[in-house]
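Protein chains in written order, with our numbering: chain D, 28 to 385; chain P, 325 to 840; chain R, 1001 to 1306.
I should point out that these hints are in silico values taken from the structure, not numbers from a laboratory. All the given hints hold, so there is nothing to weed out.
Calculated cross-link-like contacts (lysine-lysine; reagent style DSS-like; alpha-carbon spacing at most 27 Å):
#: 1; chain 1: D; residue 1: Lys348; chain 2: D; residue 2: Lys205
#: 2; chain 1: D; residue 1: Lys33; chain 2: P; residue 2: Lys729
#: 3; chain 1: R; residue 1: Lys1109; chain 2: D; residue 2: Lys348
Selected chain P positions facing chain D (in silico; Cβ < 10 Å):
#: 4; residue: Gly348
#: 5; residue: Glu636
#: 6; residue: Lys729
Simulated restraints, written as ranges between beta carbons of each label pair:
#: 7; chain 1: R; residue 1: Ala1055; chain 2: D; residue 2: Leu144; range: 49 to 59 Å
#: 8; chain 1: R; residue 1: Thr1210; chain 2: D; residue 2: Gly51; range: 38 to 48 Å
#: 9; chain 1: P; residue 1: Arg706; chain 2: D; residue 2: Ala234; range: 16 to 26 Å
#: 10; chain 1: R; residue 1: Asn1216; chain 2: P; residue 2: Asp651; range: 51 to 61 Å
#: 11; chain 1: R; residue 1: Asn1216; chain 2: P; residue 2: Ala622; range: 47 to 57 Å
#: 12; chain 1: D; residue 1: Leu144; chain 2: P; residue 2: Asp721; range: 56 to 66 Å
#: 13; chain 1: D; residue 1: Gly51; chain 2: P; residue 2: Pro594; range: 50 to 60 Å
#: 14; chain 1: D; residue 1: Gly51; chain 2: P; residue 2: Arg700; range: 41 to 51 Å
#: 15; chain 1: D; residue 1: Phe374; chain 2: P; residue 2: Pro334; range: 31 to 41 Å
#: 16; chain 1: D; residue 1: Ala48; chain 2: P; residue 2: Ala401; range: 33 to 43 Å
Predicted model only: the values in this text are computed from it and were never measured. Cβ atoms here follow ideal geometry from the backbone N, Cα and C, with glycine treated the same way.
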Amino acid sequence: MIWLEKRPAPSRLWSVLSPFAAIGMALVAGAAMFAVLGHDPAEALYVYFLEPLTSAWSIEELIVKATPLAIIGVGLAMAYRANVWNIGAEGQLVMGAVAGSVIPVLLPGWNDPTALLAMLLLGALGGALWGWIPAFLKNRFNANEILTSLMLVYVAQLFLDWLVRGPFRDPGGFNFPKSVTFEGWHVMPAISGRVHLGTIIALLAVAALWVVLNRMRYGFEVRVMGSAPRAGAFAGFSAARVTSASFLLSGALAGLAGIGEVSGSIGQLQPSISPGYGFTAIIAAFLGRLGPVGVLFASLLLALTYLGGESAQLALNISGKTAQAFQGMLLFFILAADTLVNYRIHFRRPGAGEGSAP
Amino acid sequence: MGGREGNTPPPLLEVRGISKRFGGITANDRVSLTVRAGEIHALLGENGAGKSTLVKIIYGALQPDSGEILLDGHPVAIASPARARELGIGMVFQHFSLFEPFTVAENIALAVPGGGDMRELSRRIRDVSAQYGLPLDPDVLVADLSVGERQRVEIVRCLLADPRIIILDEPTSVLTPQEAARLFVTLRRLAEEGRAIVYISHRLEEVRELCHTATILRHGRVVETLDPRRETAGSLARLMVGSDIHDVHAAPPPEMLGQPLLHVRDLTLPASGPFGVALYGINLDVRAGEVVAIAGVAGNGQRELFRALSGERPAQSRGVVFICGRDVSLEGINARRRAGAAFAPEERLGHACVPLMSLTENVVLARHATGEGLVRRGFIDRAGARATAARIIERNDVRGGSPDKPAQALSGGNLQKFIMGRELDRNPALLVVNQPTWGVDAGAAAMIRQELIDLARAGSAVLVISQDLDEIFEVADRIAVISRGELSEALPASELDRERIGLLMAGAHETAGGVA
Amino acid sequence: MNGLEAFLLTVITASTPLLLAAIGELVVERSGVLNLGVEGMMVMGAVSAFAAAYATGNPWIGVVAGAAAGALLSLPFAFLTQTLATNQVATGLALTLLGLGLSGLLGEKFVGQPGVPLPKLDVPGLSDIPFLGPVLFGHDVLVYASFAFTAGVMWFLFRTRAGLVLRAIGVNHTAAHALGYPVVRVRYLAILFGGALAGLSGAYLSLSYTPQWIENMTSGRGWIALALVVFATWRPLRVLAGAYLFGAVWILGLYVQALGFGLPSQLLTALPYIVTIVALVVISRNRTLTLTNTPASIGIPFVPDR
Chain D
28 MIWLEKRPAP
38 SRLWSVLSPF
48 AAIGMALVAG
58 AAMFAVLGHD
68 PAEALYVYFL
78 EPLTSAWSIE
88 ELIVKATPLA
98 IIGVGLAMAY
108 RANVWNIGAE
118 GQLVMGAVAG
128 SVIPVLLPGW
138 NDPTALLAML
148 LLGALGGALW
158 GWIPAFLKNR
168 FNANEILTSL
178 MLVYVAQLFL
188 DWLVRGPFRD
198 PGGFNFPKSV
208 TFEGWHVMPA
218 ISGRVHLGTI
228 IALLAVAALW
238 VVLNRMRYGF
248 EVRVMGSAPR
258 AGAFAGFSAA
268 RVTSASFLLS
278 GALAGLAGIG
288 EVSGSIGQLQ
298 PSISPGYGFT
308 AIIAAFLGRL
318 GPVGVLFASL
328 LLALTYLGGE
338 SAQLALNISG
348 KTAQAFQGML
358 LFFILAADTL
368 VNYRIHFRRP
378 GAGEGSAP
Chain P
325 MGGREGNTPP
335 PLLEVRGISK
345 RFGGITANDR
355 VSLTVRAGEI
365 HALLGENGAG
375 KSTLVKIIYG
385 ALQPDSGEIL
395 LDGHPVAIAS
405 PARARELGIG
415 MVFQHFSLFE
425 PFTVAENIAL
435 AVPGGGDMRE
445 LSRRIRDVSA
455 QYGLPLDPDV
465 LVADLSVGER
475 QRVEIVRCLL
485 ADPRIIILDE
495 PTSVLTPQEA
505 ARLFVTLRRL
515 AEEGRAIVYI
525 SHRLEEVREL
535 CHTATILRHG
545 RVVETLDPRR
555 ETAGSLARLM
565 VGSDIHDVHA
575 APPPEMLGQP
585 LLHVRDLTLP
595 ASGPFGVALY
605 GINLDVRAGE
615 VVAIAGVAGN
625 GQRELFRALS
635 GERPAQSRGV
645 VFICGRDVSL
655 EGINARRRAG
665 AAFAPEERLG
675 HACVPLMSLT
685 ENVVLARHAT
695 GEGLVRRGFI
705 DRAGARATAA
715 RIIERNDVRG
725 GSPDKPAQAL
735 SGGNLQKFIM
745 GRELDRNPAL
755 LVVNQPTWGV
765 DAGAAAMIRQ
775 ELIDLARAGS
785 AVLVISQDLD
795 EIFEVADRIA
805 VISRGELSEA
815 LPASELDRER
825 IGLLMAGAHE
835 TAGGVA
Chain R
1001 MNGLEAFLLT
1011 VITASTPLLL
1021 AAIGELVVER
1031 SGVLNLGVEG
1041 MMVMGAVSAF
1051 AAAYATGNPW
1061 IGVVAGAAAG
1071 ALLSLPFAFL
1081 TQTLATNQVA
1091 TGLALTLLGL
1101 GLSGLLGEKF
1111 VGQPGVPLPK
1121 LDVPGLSDIP
1131 FLGPVLFGHD
1141 VLVYASFAFT
1151 AGVMWFLFRT
1161 RAGLVLRAIG
1171 VNHTAAHALG
1181 YPVVRVRYLA
1191 ILFGGALAGL
1201 SGAYLSLSYT
1211 PQWIENMTSG
1221 RGWIALALVV
1231 FATWRPLRVL
1241 AGAYLFGAVW
1251 ILGLYVQALG
1261 FGLPSQLLTA
1271 LPYIVTIVAL
1281 VVISRNRTLT
1291 LTNTPASIGI
1301 PFVPDR
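Construct all of the structure, not just a fragment, from the sequences and the given hints.
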């Protein structure tokens, strides 16, 4: 049987090593999964993880896919550090996209750099407001924020569906449930190929949040409230304030990612604008051990799984759904590996220990 | 060794050469002792001496690394608490193992092996508890019981298994002096029935009054086994600590006291949750130059009062709490700090400090908004915090600490020195501290108590909330008693004795009054 | 069959998956563990049940497969949270994401395939009673099982010693451990039970409710079941009432649409999720109620001293 012994101080070694251990375990599990599906594991792993790194085009795609993951992930990492569980980033992403799209859809004539800026601000605002709802319900009514933020994802997606089939539908679009195609300054300027301004925003967000987390009082407040709430009260910090700030911040970033996707990658509003970025970003946050720089690398790795899924489907006819299965396994493994940071694991033959019930 | 008969049967309990290590720390080092039937055997030692570890081994909650335990002369393996109970060993823990939402009967049912009819059990509970002078109603929810009553549940639960050996871990720490006296009557009776009692305590007067034998532990080793009735408290203390404890010098209080630096008028607060204690009409003044102590048994509102004074829970209207003349009733803790106050809560790890954070960061914790410039425009001055931490460590003899070490790496005594040092470093006009030396070794405790007195004599006002009457009589100029959320008048220490304080703890606010 | 009869019938079918999953999770939470992976276990139960029934042509094998899949998937969650003491919120989320991903993978070949529905009970004589007959006696076995499980859980938790022990562990696992109870073992068993019931709930969806496999067909019911446990303050009878309340809301949307009030269909589809939020707010705002009923050690990892 296995038992845990608490370390006197968290292990620095394992803090760095655990994501790699998790990736290693996930690769082994992934190989097993491919084998069970009837494919050669080595070939599948190569096509999945290494091949996408070999061409410039796919590196670009990697960055494009990693961008929203990183933007959302750093915000979620800050929230989770404070023990504020925003699970509704996918919904905040949608509402940000909707809010930002108001300009191209309702004010198409306003098409200059200020319009783009306004779109981004509206996107952040939309996501922030949608994220504020669970925070308000938690602070005022003590309603569990995990469940409320998640329920709001479904509501947001249905709202988007209604919008693109109704008020936001392109009248000249042959009845397809899509908005007008964005043009000119309503589209995020490209940097290289498909990589657009969103990537710069992602890098800025990572840098800014690193500074906040490690050098500023708010980051200190987040770290204290997440590990010792009574000490936080002793410091004069307020749980309600941290809850609101965490949701507003992570919601704004998710909303920014949303408008970034719609304006940069897709080019119009449609019923499905995200392959679950808001949920995958949760994994990015944990894989990056809740630190902004870690989240950046984790986002690249997770983007690789998306790409790998696509290329494995094309090249080897492996189901594209393996990507999500793989991502889920990765989260399991990182959580398991993280145990080693705070505990030593002992193996022992069953013997004395837990008593039998009287 | 404490036996009363001549050629005797083997001792009821014998512990031989027990050793136990936790990581780098040796908690028990070849400990041996014997306990006979009918004996009340004290286990004396400071915090960290190894008493709790030893009894947990006897009770089967921990396994020794080496050594053996014998019952009636036969070696036994005690693999679990369940096995200990089968062998007739019962234990009453210092921190109760009770389930608050359940009734007394259900709580006891969970500790009694097998199933059994609940009605039958309830009947037995009524009978046994009454028989030993600790009456209980089986149908009451434990959540509704006072701390002293909850201890009765623990004891009765233990007694129902008809144990031959009963271990009690610091039982009087939660009792008024009168309740403690009643407990002693019960324990003597149990001993007369032929049971053996192992009594853990660090309260020397009690041990001298109650126990036939005492084994003294220091740093995990047995120092001596003797008859405490033939010793003085002083000699016992010296054996426990290993050197003369530096006596605390209380300078006589100044002739003229200054202004009340803490003024509390009619503070009333509802309970903050279903299990909290409400505060009723608290009136209190602490003047410059004096130490006022608030005595009370745990669970009578000390924490709630601390939070109301510190501002972690602001008052509900103005005109209730004044610090250095300023009305801070509605303000939070940092505003009160800026008004000149400093606070040291009861819980070192988790409240006064963040366990995983370094001492430097724990300086920032208490002092980021106190007007000293540790935070400028939202950015933390890390170098400044580090220098402050280093200064505190140096000036307060914080051993094993460095600015980058996490708070949880320090021992209780050293961490408490750091916490007190952190607040004293600001030269506060008012210091409010809750349980200043709980769980702290004697050397550090003496140092801290001296600091409290010195701070007051230098012109500050000091308020000490404590459950330790010895400590209170050592440091306090005036003493008030908190009971069920109400505060008695603060009288000069010279006018009070333990008896009277005990009565006040039980709720009587005059000397004539019913004993609960 | 008249309108009311049809309404009641559909309410019962809509409520059953919620009830099954919520009753299972209630036991888990009463033991002090928060398992947010209900949605993942449910959807894996759905796909496994469908696949097994399709492959064998026998829906009963599907039922067993569904329960087994849920229980199997709950094992890594149990291992991580109980043996490795990981954060229960994050691990539960991981379970959901894994379940959703795996089920999509496994179910790919079954999309669009015809289902193998569970037969409805046909009690000769009783089922023919007008109105009451179909409403009370015309359901498949899982509907009756949901009531049986509710009654069984109630009896177990409040009338047996084992149930008292489980509740005690949920209230104070440190004290329970000090008294010698096998905290980790009891929690493993509770988690497996919850997993099996979540899987069963999923099996009901793909074998009875809509006998098909559609990706993500659980549509958030697992999350609603979690909210249901909170809303019911961890009491089985209240879970039953709550499940039927939510089931009615779920069905209401469809009916209102059919009645053609002109409300957007998306709003009616969103109704269950909005009502869930409202229900959570209503029950949570009474902090005394939640504090006195929440199993106090819920979500706190348990690592005993040795």
